[in-house]
Amino acid sequence: MFLRKKIIKGHEYWYLVENKWIDGKSRQRVVRYLGSRGNFDMGAVVREIEKDKLAKKEKKHKTQAKS
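Residue numbers for the sequence shown follow this note's numbering, so the first one is 27 and each next one is one higher.
Watch out, some of these pointers could steer you wrong.
[To be verified] List of simulated lysine to any residue pairs, SDA-like, C-alpha gap at most 20 Å: (1) 31 - 43; (2) 31 - 41; (3) 46 - 84; (4) 31 - 72; (5) 32 - 59; (6) 31 - 71; (7) 77 - 43; (8) 85 - 48; (9) 79 - 54; (10) 82 - 42; (11) 77 - 28; (12) 77 - 66; (13) 77 - 32; (14) 32 - 48.
[Said to hold, decoys possible] Computed Cβ-Cβ distance ranges for the label pairs, DEER-style: (15) 28 - 83: 16 to 22 Å; (16) 61 - 89: 30 to 36 Å; (17) 85 - 36: 36 to 42 Å; (18) 82 - 37: 29 to 35 Å; (19) 48 - 76: 21 to 27 Å.
Please keep in mind that the hints were generated in silico from the structure rather than gathered at the bench.
Don't be surprised by glycine CBs; every beta carbon is placed ideally from N, CA and C.
Please construct the entire structure, taking both the sequences and the accompanying hints into account.
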């Protein structure tokens, strides 16, 4: 995951984005809109990343348990 800054009509907007490979192509998905001009809680960003990592780990574990 990474942070993306977009400038629209002179204003900054920040997004938390993740990459995924689908059918051999990289696809990007906005996980969360964070706010404008960097006025966002970095703790919330870290929690979102950790939550995503945990969900992926649980999904992998469930898939392996079915096999």
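So, going through the hints one by one against the coordinates:
1. 31 - 43: Judged against 20 Å, a Cα distance of about 10 Å means the pair holds.
2. 31 - 41: holds (7 Å)
3. 46 - 84: holds (18 Å)
4. 31 - 72: holds (17 Å)
5. 32 - 59: holds (11 Å)
6. 31 - 71: The given pair, whose Cα atoms are some 14 Å apart, holds under the 20 Å limit.
7. 77 - 43: This hinted pair holds, its Cα atoms lying about 14 Å apart.
8. 85 - 48: Since the Cα atoms of residue 85 and residue 48 sit roughly 17 Å apart, the hinted pair holds (cutoff 20 Å).
9. 79 - 54: holds (16 Å)
10. 82 - 42: Holds, because 17 Å separates the two Cα atoms, which is no more than 20 Å.
11. 77 - 28: holds (15 Å)
12. 77 - 66: holds (18 Å)
13. 77 - 32: violated (24 Å)
14. 32 - 48: Roughly 24 Å between the alpha carbons, so the hint for residue 32 and residue 48 is violated.
15. 28 - 83: 16 to 22 Å: Check passed, 20 Å falls within 16 to 22 Å.
16. 61 - 89: 30 to 36 Å: holds (35 Å)
17. 85 - 36: 36 to 42 Å: holds (41 Å)
18. 82 - 37: 29 to 35 Å: Between residue 82 and residue 37, where Cβ atoms are some 33 Å apart, the hint holds.
19. 48 - 76: 21 to 27 Å: Roughly 24 Å apart at Cβ, these two residues keep to the hinted range, so it holds.
Of the numbered hints given earlier, the model fails hints 13, 14; all others are met.
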